[in-house]
Each structure stands twice: as structure tokens, then as C-alpha cells.
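Protein sequences, first through last, are from chains A and B. Every letter in the first sequence is one number past the one before it in our numbering, and letter 309, counting from 1, is 309. Converting from the second sequence to our numbering requires adding 335 to each position, the first position being numbered 1.
Please note that the accuracy of each hint is not assured.
[What the hints assert, rightly or not] Derived DSBU-like pairs (lysine-lysine); straight-line CA-CA distance at most 35 Å:
id: 1; chain 1: A; residue 1: Lys334; chain 2: B; residue 2: Lys541
id: 2; chain 1: B; residue 1: Lys489; chain 2: B; residue 2: Lys376
id: 3; chain 1: A; residue 1: Lys324; chain 2: A; residue 2: Lys334
id: 4; chain 1: B; residue 1: Lys581; chain 2: A; residue 2: Lys277
id: 5; chain 1: A; residue 1: Lys324; chain 2: B; residue 2: Lys376
id: 6; chain 1: B; residue 1: Lys472; chain 2: A; residue 2: Lys326
id: 7; chain 1: A; residue 1: Lys123; chain 2: B; residue 2: Lys418
id: 8; chain 1: B; residue 1: Lys581; chain 2: B; residue 2: Lys541
id: 9; chain 1: A; residue 1: Lys324; chain 2: B; residue 2: Lys378
id: 10; chain 1: A; residue 1: Lys277; chain 2: B; residue 2: Lys472
id: 11; chain 1: A; residue 1: Lys107; chain 2: B; residue 2: Lys837
id: 12; chain 1: B; residue 1: Lys489; chain 2: A; residue 2: Lys107
id: 13; chain 1: B; residue 1: Lys418; chain 2: B; residue 2: Lys399
id: 14; chain 1: A; residue 1: Lys334; chain 2: B; residue 2: Lys582
id: 15; chain 1: B; residue 1: Lys489; chain 2: B; residue 2: Lys349
id: 16; chain 1: A; residue 1: Lys277; chain 2: B; residue 2: Lys418
id: 17; chain 1: B; residue 1: Lys837; chain 2: A; residue 2: Lys334
id: 18; chain 1: B; residue 1: Lys378; chain 2: A; residue 2: Lys326
id: 19; chain 1: B; residue 1: Lys541; chain 2: B; residue 2: Lys405
id: 20; chain 1: A; residue 1: Lys326; chain 2: B; residue 2: Lys541
id: 21; chain 1: A; residue 1: Lys334; chain 2: B; residue 2: Lys378
id: 22; chain 1: B; residue 1: Lys837; chain 2: B; residue 2: Lys582
id: 23; chain 1: A; residue 1: Lys324; chain 2: B; residue 2: Lys581
id: 24; chain 1: B; residue 1: Lys378; chain 2: B; residue 2: Lys399
Treat the hints as calculated values from the structure; they're not laboratory data.
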Amino acid sequence: MTVVAPLLGVLALAAVSAVGAWIGLTTLFCVVIPYAAILVFLVGVIWRVLSWARRPTPFNITTTCGQQYSLPWIQSSTLENPHTRLGVVGRVLLEVLLFRSLFRNVKHEFVSRENAAPRLAYKASPWLWLGALAFHYSFLVVFVRHYRFFSEPTPRVLQIVEMLDGFFQIGSPTIFVSGFVLLAAAAFLLLRRLLLPQVRYISLTTDYFPLFLVIGIALTGVLMRYTAFRTDTAAVKNLCIGLMQFKPPAATEPIGAIFFVHLTLVSCLFAYLPYSKLSHMMGVWLSPTRNLIGASRMRRHINPWNYPVAVHTYEEYEDEWRDKMKAAGIPVDKE
Amino acid sequence: MPDIQLPPPEELAKVSFQPRPQGWMDPQVEFRPGTWSYAGKPKALETVGMPNPREWSPTDADWKLPANWKEVILQGLRERLDKYRSLKVFLDICVRCGACADKCHFFIGSGDPKNMPVLRAELLRSVYRNDFTLAGKLLGQMVGARELTMDVVKEWFYYFYQCTECRRCSVFCPYGIDQAELTMLGRELLNLVGININWVMEPVAKCYMTGNHMGIPPHALKDNLEFFADDIENITGIRVDIPINKKGADVLFVIPSGDVMADPGIYTLMGYMMVLHESGLNYTWSTYASEGGNFGLFTSHEMIKRLNAKIYAEARRLGVKWILGGECGHMWRVLHQYMDTLNGPADFLEVPVSPITGTRFEHARSTKMIHIAEFTADLIYHGKLKLDPSRNNAYKVTFHDSCNPARSMGLFEEPRYILRNVCNHFYEMPENTIREQTFCCGGGAGLGNDENMEMRMRGGLPRGNAVRFVHERYGVNLLTAMCAIDRAVLTTLMEYWVPEVKVSGLHELVGNALVMTGEKERELNLRSEPLNEGGEETSD
Ligand code: HEM
Ligand code: SF4
Ligand code: SF4
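Can you make the complete structure from the sequences, with help from the hints?
Dropping the structure here:
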């Protein structure tokens, strides 16, 4: 159920948009839904980020992953246990750009031995890290490349990206690596979820749904680019630029069902992002164990709701023990 | 004494990692003996005015909760969601990638899927989804939402008290999601309706009234310290002084009280006394602030503050300049990450300066409190202590990074620097088991009680295994740790997993190696055993 339901969901979305293309609901699928999705996305991102940012971080709960800044002759770890703001920026950027913490991943293994308790071994396990990096970077490149549908002429930077991405130039159309990497990486993440017993055990419908969505998007994209389903890119560009200028073309030439599917799935992904676990895109910046300065004895961290509490005072304590203290020769405040 | 029958280590180490086929959503807990802790006694709760004091046991069908328990917990969750960004972010963004799963010592040692940090979090997250998110309200089970039922509460109790708040999971999570934070807040919610364990509540109550976990009254504390001074005199011929509650001292010295009572912590305490005496620091003990440890950390943020308040209060009363802290793990989490925020600003104190070396401890310029490892490392670096490391030649030492000084402070090099100076044989455990990746002793956060013995041995399996590794490879026979809970819990753990290895604190070894001015020929170590018994004199 956990796997099938989200798969069916994505297939249903695809089917509905294909039907939409077939009966010619162009305005609905090419204008209304994308606009709505963008709106839902923007509102969602702002709402979500505010929902975190307006909550205080009452304590400095940095997870310190390196030597503290202390004595001058001990080398401190600026990035793993930053004691400056700059260090924190570096630490967060390492997380965002290189998935630093995921890189630490190891797998434990019991190595059995004769007549003795088994030995625990830890093996570096970079696969999740590699898969996740491949996934996110290819997603980013694919995303950036789409910009050419929105601008005329194609900007210089983008041409460079395309050149790098398309270094397998084998005739026309140029093969862009990113799309295939995205597909492969998403497939890897999916298989990992299905095949590793522990990961499967923790996975919910909401973990499979975005994966199917991304796979659907990448698949339709690749189909449109390289197969008989080829789409009229001029018409797409016309539509996109129109959408950008809030002047959607009144009557577009028929673009093809597969494009409808692609666009609808993308719209769903965007609309879904801020309300789901995909909000980790914003959340990773706000995680208090990573974005606070480690050296908490150096600066006082302020808790805005710190309130007075009942304590057992020294006076009360001395009242309870004064005779015993005096007998033992321990100094007291009140004789 | 609970009678927990443990299988032999080879048996316990056969851990099955096959999750139940039916998933985790339906709550199910079996309170198997040896895997849970006794409930908090009503008297302890009354002492500190916590809700719903009563006699009860987790194995009872009826936990005698107030009629509106569900409202109370959900309201508590609502409030905390507004007060802690950590809680909200951690509940919202987990992608269930599983990177944290096998990073928890309790999962490695038990194979119970709900001991994967991600699932421990889902126990709470599922309730959050159900009552605080639209998707959860609409789609329920389908999106991983669960209603808060009594069975869910029991599950929370079982698994939030199978987490030692060690923070190892948060090192590996791509977003730094920290199950320790969620466990802390989860326990806080349970405490709202009177669900807690005695091994936490009893120390809390004692600490509140007498100033320390052990409930040591002032005169007894003095007696104990005198007793250790006698021992030191026997061993070294030097009588160390014991300043207590002394106004006009420069420095207030605060330790975990476990070191005053229990073997082997007492030897570390003797080590402190010797170093402080030899350095000539003008310091004082306090009978009121006689505990730096703080089981409030395992109860609620409010309780952290209530128990911690005495440290600054006493520093102010005695008029000291700054504060020095002993070797303790969770105590240092509180001192490093909570004290200044909760009970500061300590503007009546001065930035710590070592009068012996002149070193100004800038890194503690706000909190005004430094760790004794920082103090001693600085003394050694400046050549202010005369050391004879060969006196520790009987020991082949390995060092256990205690969770909190490691992952909530980053105190890695100071103790190692000291170790290299006070003993000749120091070997590191494998790199995935030390420093920020260190494995818990399995008995922190209040879980170090006897009735929880099976879970302790399971949780301590990875640590035990790493010690066995260096024992077999290098002949390591001493496990040194800067934590009072470790010194107690690791001792039992070693007896079970690696009986050849003993446990010590860092300053015990410093005390052994320390050549005190005017001391007599040393024949005994701090344990009053003949020096270097069974050990070779030369280094290899
Ligand atoms: C720029 C926007 C981002 C988008 C659109 C995005 C999208 C996604 C998606 C769709 C998944 C699902 C994979 C799955 O369920 O298995 C995912 C997973 C993941 N993302 Fe991102 N992400 C973004 C940013 C980031 C950032 C900045 C990080 C860095 C910390 C990150 C780290 C991860 C990780 C570790 C996974 C887990 C892979 C897994 O679930 O197996 N993401 N992300
Ligand atoms: S590592 Fe972090 S994001 Fe991944 S499952 Fe664990 S808590 Fe969730
Ligand atoms: S904090 Fe430690 S004990 Fe708790 S879930 Fe994480 S790894 Fe396990």
C-alpha cells in the first residue's frame, strides 16, 4: 500500500493531464495549473520559512563535530565546531553544497569469530551520499537548463552549462547527461528504499510519492527530448515566455499530451514541496544543531522566554544544616 | 536488587536485524524485564513539586494518569512547538533517508527497529502529524499520522527511556536532526502527567535539597574529603588542604558528586585534590553547590535551570572570581550549552585566568567556567607540573570520549594531551568509535540502573566491542573516561564484555604521575596498589 498508493497517485495525475490534452483543456493545464502551482509554492515557502524563523532557538544546541576553540596551542576545528560566524557559514554551506554529514555515513557489520563474541566493524558507506549528490546536482542542472525556455536569447551562462552538460555530443539532439543522471539517481534512491529492509520499514507513502513524481518528470522530459514523442520546442518557448510576461498565448498550437503530463507533474512537485519533507530544502539552513556558533561559553546565548523558577536557596539550605555544619567546622553565614 | 538474568556475552551479541513485517504504526510494547527502568517514587516528585506523584509501575495496565492526560500532553506539545524551533524543524524536515538508523548504540545492540533514531522520532512525529498538520488530519495513517493513545504513551516511555541523549545520530543526519533534543522534549511531555523513572527523579530530588545527587549532607562531604586526604597522605606523605565554603577563594570547584562516593571515581577525586594542591590555586569546595551534574537535563528544561541555579549563586555568595568544573559528561553539556543562558549573565565573575600560568581562558569569557582538563593541560603545557609517567606503566590505556564533552563541547585534545604526558602506553580505539563518533556507555540519561541491565549491556555493546579490539590488539587494560556516569556504568559494562579491563578517570592517572613537592618515595598508586604491579617498567 505504502508503495502502490503513491505510484497510482502519480499515474493518475499523468492520466488526467493526458486526457486534458486530448480533449484540449489547454488553458487549464498550461496556464491555470502552472500559475496556481507557482502561487502555492511561493506562499508555501514563505509560510514555512516564517513558521520556523519566528520560533526562537532558546538554547545553543550545536552538535560539535570537531575540536573546540580553547587553548591557543590547540588547533580548533573551524568548520566542524565553528567559534565564529564565518565558520558557521562555512559549516552550513558544506552541508548544503556537499552534504558533509551524509558523507560520514558508515555501515556497521558483525564479523563473527570462533569461540568469541563477534567483532563490530564499520565500513565507509558513501552510496547514499553519492546518490543524493548525483540526484540533487542533476536536478539543479536540469532545472537551470529549463531557463532557456524562458528567455530570448539564451543567456551566456546557460550556454556554458549546456556545453558542459552536453559534452557527449553525438549528433542532434545534444545528449544532456543531467537528465539521465537524475533518472538513475532517483531510481537508485527508490531501489534503496525498497530493498534495504530498515529503510523500507521507515518509509511512508510520503517518501515514495516525491520519488515517483521526480521519476515521472524526468522520464517524460527525456521522452520529449530524445524520442518520437518530440515536442515542438518553439511552441513551448512561446508558452513559457507568455506565462512569464503574464500574457499567456491565447490559442497555442497543440503541444502534445506528453508535455501536459510533464508540466502537470512539475506543477505538483512545486506545489507539494513546501508542505512536505521536501521542505528540507529550506530547513537545512535553519537547523539549530548546525547553524549556531559552537563556542557557547564565549558568548551568552539569549533565550527570549527564559523565566524565573523556584530554587532551593543557600539560606534555606543553611537553615536546614546549620548545626551540623557548625559542628563540622564548616563556615556558615548566620551564626 | 532486581534479578536480571543476562545471557552470556556471545549470546547477547547475536543481534537480529529483521524488522517485524507488519510495520511500526500500531503501538506495541512488551515490558520485558531488564529493558526498562522503575517508575519515579512519589516522594521524589513531591520534593520538587512535579505533577501526579503516585505509586505505579510501567508493567501495570493502569498508569493512573489524570483524566485529561491527553489534553495535557497535546497542549504541552503545542506550547513547545512554539518555544523551540528545533522541535518544529526536526519534526518537519526528516526525509527518512535512514542515515541515522544504525548510528544508535541501542539499535546496534538490540536490533529493535524502534531504536533507530529516525523511528524514535517518528513515535512523536506521528502524533504531531495527526494533531498539528493538515495532511495528517485529512489522511491519517496513510501519511504516517497516529492518534495519541495510551499505547502510544507507553511506547514513548519505553523508547524515550531507551535513548541516552548521546547525540550520535545528529552527527550523521544531513540536517543535524538531534534525537536527543526530541527525547528531552518527549520526556518533558511525559513528565507533565507524572511519567518518569526513579533513577532520574531520585537524584533530581536529592540534588535539589542537599545540593548533590548522592544526598551527601555538608558534614559528610567534609568527612569524605578528609578521608581522601588521609589516603593521599598515606600514599605521598603530603597533607593536602581541603578548603570548604571558603569566602575569598579565587575559584569555586564543582564536581559530579559520584566521585565522592563510588569506586573508581574516588581516585579521580584524589587526583583533583593533588593537582589543585600542587598548583597552589586558591580554591574552595562548596557543600551547597556540591554537584555539577544535573539530572534536570533528563527531566525538563525548567528542572535544568532549577538545579543549575546554585552554581552561580554560590560563586556570588563566596565571592570567587571564576569557576572550575570536574570530569563529568552531562554536567558539561549543561555548563557549556545551558548554564549561561538559563542562569547568567555571570557578570559578577571575571574571565578565568590561571594564576599559575597567566593563561586567560578567553573561550570561557562569558560563562566564566572552565573544565579541569583545560586547566591541567594548560599547567602541563607551561611545565608547571612535574610528572613521572612511568608510574602508570602498569596501565595500557585507552580513552573513551564521553558523549557530551565530545558532541556538545568538542573537548578532544585536552584530555589526550594530558594522557600523553601522564602515561607511556596510550592507544586509541578505532576511529569510528571515538571523538565525535564516540559510542555511548549505554547508561547515560538516567538509564544506568540495575533493573535496566539488559538494555545497558546491549547499548554498551559497540563500546565494549571497541575496547575488546584494543585489548586484544595492544593489551589495553584500562579504560579512561572524563565522566562520573561512565566511571560507574563502564565498570559494569567492562565486567560483562571485557572483564580484563578496568575503568578510571583522567585525573586518577594525573595523580599517579604527579610528583608533588616534598613527597615521599611513591610505592602505591592512588588505588593503594603497589606501583606497576604486573606491568613492565620500560616503554615499548
Ligand atoms: C534545492 C532544493 C532541493 C530539492 C528540490 C530537493 C529534493 C529532494 C527530493 C525530491 C528528495 C527525495 C528523495 C527521496 O525521497 O529518497 C530529496 C532527498 C534528499 N535531499 Fe534534497 N532537495 C533539495 C535540497 C537539498 C539540500 C540543500 C540538501 C542538503 C542537505 C538535501 C539533501 C537531501 C537528502 C540527504 C535526501 C535523502 C535521499 C533519500 O531520501 O534517500 N536536499 N531531496
Ligand atoms: S538521518 Fe536525519 S533525515 Fe535521515 S532519517 Fe535520520 S533523522 Fe531523518
Ligand atoms: S541520541 Fe543517542 S541514544 Fe538517542 S537516538 Fe540518538 S544515537 Fe540513539
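Going through the hints against the structure:
In summary, the hint linking A:Lys334 to B:Lys541 is supported, as the alpha carbons are separated by about 24 Å, within the 35 Å threshold. Using a Cα cut-off of 35 Å, the hinted pair B:Lys489 and B:Lys376 holds, with the two alpha carbons roughly 18 Å apart. For the given pair, A:Lys324 sits about 13 Å from A:Lys334 by alpha-carbon distance, which is consistent with the 35 Å threshold. Distance hint between B:Lys581 and A:Lys277 is unfulfilled; the C-alpha atoms sit about 56 Å from each other, more than 35 Å.
Restraint check for A:Lys324 and B:Lys376: satisfied, since their Cα atoms lie roughly 28 Å apart, inside the 35 Å limit. With a C-alpha separation of about 64 Å, the suggested pair B:Lys472 and A:Lys326 falls outside the 35 Å cut-off, and the hint is violated. Restraint check for A:Lys123 and B:Lys418: not satisfied, since their Cα atoms lie roughly 39 Å apart, outside the 35 Å limit. Distance check on the hinted pair: B:Lys581 and B:Lys541 sit about 23 Å apart at the alpha-carbon level, within 35 Å; holds.
Taken as a hint, the A:Lys324 and B:Lys378 pair is honoured in the structure, with Cα atoms around 24 Å apart against an allowance of 35 Å. Between A:Lys277 and B:Lys472 the alpha-carbon distance is near 16 Å, which keeps this suggested pair within the 35 Å criterion. With a CA separation close to 29 Å, the supplied pair A:Lys107 and B:Lys837 stays within the 35 Å bound. As the CA atoms of B:Lys489 and A:Lys107 are separated by approximately 31 Å, the hinted pair is consistent with the 35 Å bound.
This hinted pair checks out: B:Lys418 and B:Lys399 have alpha carbons roughly 29 Å apart, not beyond 35 Å. Only pairs whose Cα atoms come within 35 Å are accepted, and A:Lys334 paired with B:Lys582 is accepted, the gap being roughly 14 Å. A distance of roughly 27 Å separates the Cα atoms of B:Lys489 and B:Lys349; the hinted pair therefore holds under the 35 Å criterion. With a CA separation close to 21 Å, the supplied pair A:Lys277 and B:Lys418 stays within the 35 Å bound.
Between B:Lys837 and A:Lys334, the direct Cα distance comes to roughly 46 Å. Violation of the 35 Å bound is thereby established for this hinted pair. For the proposed pair B:Lys378 and A:Lys326, the alpha carbon gap of about 29 Å is at most 35 Å, so the pair holds. The hinted pair formed by B:Lys541 and B:Lys405 meets the criterion: a straight-line CA distance of about 30 Å does not exceed 35 Å. Simply put, A:Lys326 and B:Lys541 have alpha-carbon atoms about 22 Å apart, close enough for the 35 Å limit, and the pair holds.
At roughly 30 Å between alpha-carbon atoms, A:Lys334 and B:Lys378 fall within 35 Å of each other, so this suggested pair holds. About 39 Å separates the Cα atoms of B:Lys837 and B:Lys582, which puts this hinted pair outside 35 Å; it is violated. With a CA separation close to 17 Å, the supplied pair A:Lys324 and B:Lys581 stays within the 35 Å bound. Between B:Lys378 and B:Lys399, the direct Cα distance comes to roughly 16 Å. Compliance with the 35 Å bound is thereby established for this hinted pair.
Of the numbered hints listed earlier, those contradicted by the structure are 4, 6, 7, 17 and 22.
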